[in-house]
Amino acid sequence: MAAQIAQQLLNLITLGSIYALIAVGFSLLFGVLNIIHFSHADVALTAPFLALALMPALAGTLGGASSPAGFALAALLAVAATGLIGSVLYATVIKRFRNAPAMMALVATVALGIVLRELIRHLFPNGSNPHAIPRLVSGNLALFGTSVPLFNLVAIAVSVLCVGALFFILGNTRLGLHIKAVSQDRDAARLMAISPERIFRLTFFIASAIGAVGGLFFSGYAGIVRFDFSVDVGLIGFSAAVAGGLGSMPGAIIGSLLIAGIDTLVQATIPNGASYRLVFVFLLVIAVLVFRPSGLLGRTVVEKV
Amino acid sequence: MSASKLRHPAVAAPRAIALVAAIEAAGALFLRQFLLAEDGRLVVALLALFGAALVTMQRRPALEARIEAAFADQARFATGLGLVLVLLFPFVLEKSTYALHLLVIGQLYAVLALALNFQLGSANIPNFATGASYGIGAYASALLALNWDVSFWLALPAAAIVATIFGFLLGVPSMRTRDSYLALVTIAFGVVIHQLLNNLEFTGGPNGLVGIPAPELFGHSFAAPLVILGHDLPSQANFYYLSAVLVGIAILFARRVHDSRVGLAWNALRADELAARCQGINATWYKVLAFAVDAFLAGFAGTIYAFYVGFISPDNFTFLVSVTIMTMVIAGGMDNTLGVIVGAFLLTLLPEKLRAFSDYRILFFGVTVIAFLMIRPQGLFPQRLRRYGA
Amino acid sequence: MRAAVDAPVILEGRGLTMRFGGLVAMAEVDFTLRKGEILGIIGPNGAGKSTLLNIVTGLYRPSSGEVRLEGERINGLPAHRIVAKGIARTFQSSRLFGDLSVLDNVVIGRHVHMRCGLLDAILRRGRAEAELREAARRAAELLEAVSRTLYAQRHRPAAELPQADRRRLEIARALASEPKVLLLDEPSSGMDDADTDALMADIRAIRAARPELALMIIEHDMRLVASLPNRVLVLDYGQKLADGLYEEVRLIPRVQEAYLGRKAAQHARP
Numbered sequence: 001m002a003a004q005i006a007q008q009l010l011n012l013i014t015l016g017s018i019y020a021l022i023a024v025g026f027s028l029l030f031g032v033l034n035i036i037h038f039s040h041a042d043v044a045l046t047a048p049f050l051a052l053a054l055m056p057a058l059a060g061t062l063g064g065a066s067s068p069a070g071f072a073l074a075a076l077l078a079v080a081a082t083g084l085i086g087s088v089l090y091a092t093v094i095k096r097f098r099n100a101p102a103m104m105a106l107v108a109t110v111a112l113g114i115v116l117r118e119l120i121r122h123l124f125p126n127g128s129n130p131h132a133i134p135r136l137v138s139g140n141l142a143l144f145g146t147s148v149p150l151f152n153l154v155a156i157a158v159s160v161l162c163v164g165a166l167f168f169i170l171g172n173t174r175l176g177l178h179i180k181a182v183s184q185d186r187d188a189a190r191l192m193a194i195s196p197e198r199i200f201r202l203t204f205f206i207a208s209a210i211g212a213v214g215g216l217f218f219s220g221y222a223g224i225v226r227f228d229f230s231v232d233v234g235l236i237g238f239s240a241a242v243a244g245g246l247g248s249m250p251g252a253i254i255g256s257l258l259i260a261g262i263d264t265l266v267q268a269t270i271p272n273g274a275s276y277r278l279v280f281v282f283l284l285v286i287a288v289l290v291f292r293p294s295g296l297l298g299r300t301v302v303e304k305v
Numbered sequence: 001m002s003a004s005k006l007r008h009p010a011v012a013a014p015r016a017i018a019l020v021a022a023i024e025a026a027g028a029l030f031l032r033q034f035l036l037a038e039d040g041r042l043v044v045a046l047l048a049l050f051g052a053a054l055v056t057m058q059r060r061p062a063l064e065a066r067i068e069a070a071f072a073d074q075a076r077f078a079t080g081l082g083l084v085l086v087l088l089f090p091f092v093l094e095k096s097t098y099a100l101h102l103l104v105i106g107q108l109y110a111v112l113a114l115a116l117n118f119q120l121g122s123a124n125i126p127n128f129a130t131g132a133s134y135g136i137g138a139y140a141s142a143l144l145a146l147n148w149d150v151s152f153w154l155a156l157p158a159a160a161i162v163a164t165i166f167g168f169l170l171g172v173p174s175m176r177t178r179d180s181y182l183a184l185v186t187i188a189f190g191v192v193i194h195q196l197l198n199n200l201e202f203t204g205g206p207n208g209l210v211g212i213p214a215p216e217l218f219g220h221s222f223a224a225p226l227v228i229l230g231h232d233l234p235s236q237a238n239f240y241y242l243s244a245v246l247v248g249i250a251i252l253f254a255r256r257v258h259d260s261r262v263g264l265a266w267n268a269l270r271a272d273e274l275a276a277r278c279q280g281i282n283a284t285w286y287k288v289l290a291f292a293v294d295a296f297l298a299g300f301a302g303t304i305y306a307f308y309v310g311f312i313s314p315d316n317f318t319f320l321v322s323v324t325i326m327t328m329v330i331a332g333g334m335d336n337t338l339g340v341i342v343g344a345f346l347l348t349l350l351p352e353k354l355r356a357f358s359d360y361r362i363l364f365f366g367v368t369v370i371a372f373l374m375i376r377p378q379g380l381f382p383q384r385l386r387r388y389g390a
Numbered sequence: 001m002r003a004a005v006d007a008p009v010i011l012e013g014r015g016l017t018m019r020f021g022g023l024v025a026m027a028e029v030d031f032t033l034r035k036g037e038i039l040g041i042i043g044p045n046g047a048g049k050s051t052l053l054n055i056v057t058g059l060y061r062p063s064s065g066e067v068r069l070e071g072e073r074i075n076g077l078p079a080h081r082i083v084a085k086g087i088a089r090t091f092q093s094s095r096l097f098g099d100l101s102v103l104d105n106v107v108i109g110r111h112v113h114m115r116c117g118l119l120d121a122i123l124r125r126g127r128a129e130a131e132l133r134e135a136a137r138r139a140a141e142l143l144e145a146v147s148r149t150l151y152a153q154r155h156r157p158a159a160e161l162p163q164a165d166r167r168r169l170e171i172a173r174a175l176a177s178e179p180k181v182l183l184l185d186e187p188s189s190g191m192d193d194a195d196t197d198a199l200m201a202d203i204r205a206i207r208a209a210r211p212e213l214a215l216m217i218i219e220h221d222m223r224l225v226a227s228l229p230n231r232v233l234v235l236d237y238g239q240k241l242a243d244g245l246y247e248e249v250r251l252i253p254r255v256q257e258a259y260l261g262r263k264a265a266q267h268a269r270p
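Chains as they are written, first to last, in full-length UniProt numbering: chain U, 1 to 305; chain V, 1 to 390; chain B, 1 to 270.
The shape of chain U in the complex, shown without the other chains (with noise of 0.2 Å):
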């Protein structure tokens, strides 16, 4: 019994570190850009493709195409790639929304969410098809009297290791102080000769690098990859980010961390769970959204008049 529940809990916190790494994003950019990327997820999750089809590229330099360390490399190669989708999307579309309604930035993000997945749907050979994703690492170690995967503890190892890179850089790096300064006040940034275009570029290529990893975990996860795997990722990721509070890092973590909880205990204790899990996830968030608007970490916002 107890290495049963020490096993969910392991298998929440995997969970949990990776939805986090997609809401970090969402989370960040709200509270930069005052955006909601919809397509978040639809960038993150194009990091797997992208390493799928680095894989035979590299595999003439490396040998053994599918190679542990031909894949790590591939994966490092798309997280790369995904940032510089990320920050090549906000600087051809998104920035066109930013001074718009909500409802226009909103709408169009949803819409390029679509483009992606279809993209890839249609230019990867097989594209609607699920495809095998190598796991990274393989093999079990004991720990606690339970033999645990590997895999788990390399997920949450690198999740932390990101989120926690993401607070160094936001929080004692001269970036970090741009993007705060920006984010706060965009005109008294233009005075202090920081070009906010730069730092949104640069902030969207943080944020859907960051997200290309969890894409890269999540798949690894799942052992497989879809092309509309992003549509449920988002969600969660989203949801996990609204729960906790837009615009606040720590809730992105708290609000994974809840939702992943909700999402192993539902697939443990409900028969045929897994088809049910988005339901509770979304009961969930409103549920936080009805008592609390802002979300659990969230600042009520109180607009200027």
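What the hints contain is simulated information worked out from the structure, not anything from laboratory work. These numbers were taken from a predicted model, which means no experiment stands behind them. Mixed in with the good hints there might be a few duds.
Among chain B residues calculated to face chain V with C-beta under 10 Å, some are [what the hints assert, rightly or not]: (1) G21; (2) G22; (3) V24; (4) G58; (5) R89; (6) F91; (7) F97; (8) V112; (9) I122; (10) A136; (11) A158; (12) P162; (13) R173; (14) A174; (15) A176; (16) P253.
The C-beta atom is built at its ideal place from N, Cα and C for all residues, glycine as well.
With chain U's structure known, arrange chains V and B on it following the hints.
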């Protein structure tokens, strides 16, 4: 509100009547040719013609004003002629069941787009759950018919009421949350409904519901060919007329609400919610109301769809259906009834008529939305200012 | 205009306090407004002037204290109910319904005087239409009375109006609800002297036509403050510094400090 005679350039009555008749006839002829076109090149040529007409109108505002004035002056004649054309249209389709089928689907989408227009167009509330309301209407009526032998004519209002209740429920979170969160709530609602339909036993799971009986009216089954004055039309014609009536009701709805205190209040919310509240507008109530109206009309459309095709499954009512409806509203022109209907027909027919499009249909919808929002956010037919009869 | 002194109180605030998190935006402010009176509210930026307006109009809920309109407590009511009770306002940065016609803006101002709901609009069309036509007629009348230039442009989208006309339209829209109290938030901001003179004439004309109407005006333009209000309320750091006739209030050293800064105030004194 159409009696705005004094403000328009005067057009002599006979010329106005001729102009109205010419335009309506041209529109009907265009639609007929488009529906019956088999060659892709012909379809493209017709589209080019349509585009050219739009550009001409854009370039020559005087012409547009004259047409508008003619329609305003001869509103009764325009409506009457329109009705006659709608009534006669199935007779000129060479008994093509495919063309009639496309018309039925196009009209159902026109109703759905008009439903969403109340929210997206009038009040700027992004609702990604119209497809779900459509599904709720379809399932509610199908279940009533299959389990309790409820007739179509009773199931129709009953399903609309069920859909409206769900619409109210969906609107409730809007009392507390901001627009962007509300969008999440509507997406979530759509996904939840889809998952429930897919997993619940009484909805038939992924297989859906089959064997929904065709409606009957005065002993005439809608599954049978329609015989009018010795002319017989394929059975789809029954549903063509039925959905045409629904489109008519939706247009009436849209017009009346637009020209009322409610339509004004929605427009005020669209422009500036805070300022609207400070004019005494109960923002929460009007938002919930918009959700209810959307769901009500979508429920009607869902019922007709269920009884038309005879079987439904969860995949008929996915998130992508909602996005399709949204594309129609945005491309056609938000808060413009004619524009929304044109958008619905165009985006229903285009993927069917151009094979190249049908594979890339969803991609095409996505790109269309982004392109319109970036280049022409007002859509093909921009909204019009209200003109009071003074 | 001095007659307002013994007119009955129409609006009063008692002990109004507003906290945002740890920040105190307003502390224990009292005020009264009498029928037919014009109360000017002055103070440096961030003094809490707009906060006061937002509390009165129900956009903010005060952390403590109460607002009474004709003796009835209104704080805690949502903004749209307060409009129905008879308080209307304008905004500092004009918030018109830009994509609607000038006339529609004023018709929307009459929202609280219309009754027809969705079902009326659909099922009892004649009634809904007659109501709207009547509202449009009265809105046009009001527009004509407020400004002939606005009236002439009533079928244009509001967003196309020049700045001074936008401010006029905001006032007309607020008047359309037939308020007992009208709150103007920096009506002269962004206007040159000529426009401000025209604005003052407009406000006088509005008052002349509605002797019972009470006004609260937030202002920075001292010409306007000196000539229009019966009484002036000075706020600084969310607290009430003074309340009285402009000629008296402007002589109080603390007011001068708040307004001009300490040094300048010392220089200004003889």
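Do the hints match the structure? See the list:
1. G21: At about 19 Å, which exceeds the 10 Å cut-off, the nearest Cβ of chain V leaves the hint on G21 of chain B violated.
2. G22: With a minimum Cβ separation of about 24 Å from chain V (threshold 10 Å), the hint on G22 of chain B is violated.
3. V24: With a minimum Cβ separation of about 24 Å from chain V (threshold 10 Å), the hint on V24 of chain B is violated.
4. G58: With a minimum Cβ separation of about 8 Å from chain V (threshold 10 Å), the hint on G58 of chain B holds.
5. R89: Because about 6 Å separates R89 of chain B from the closest Cβ in chain V, which is inside the 10 Å limit, the hint holds.
6. F91: holds (7 Å)
7. F97: holds (4 Å)
8. V112: holds (4 Å)
9. I122: holds (5 Å)
10. A136: Holds: closest Cβ of chain V sits about 4 Å from A136 of chain B, inside 10 Å.
11. A158: holds (9 Å)
12. P162: It is violated, given that the least Cβ distance between P162 of chain B and chain V is near 19 Å, above 10 Å.
13. R173: holds (7 Å)
14. A174: holds (8 Å)
15. A176: Result: holds, 8 Å to nearest chain V Cβ.
16. P253: violated (37 Å)
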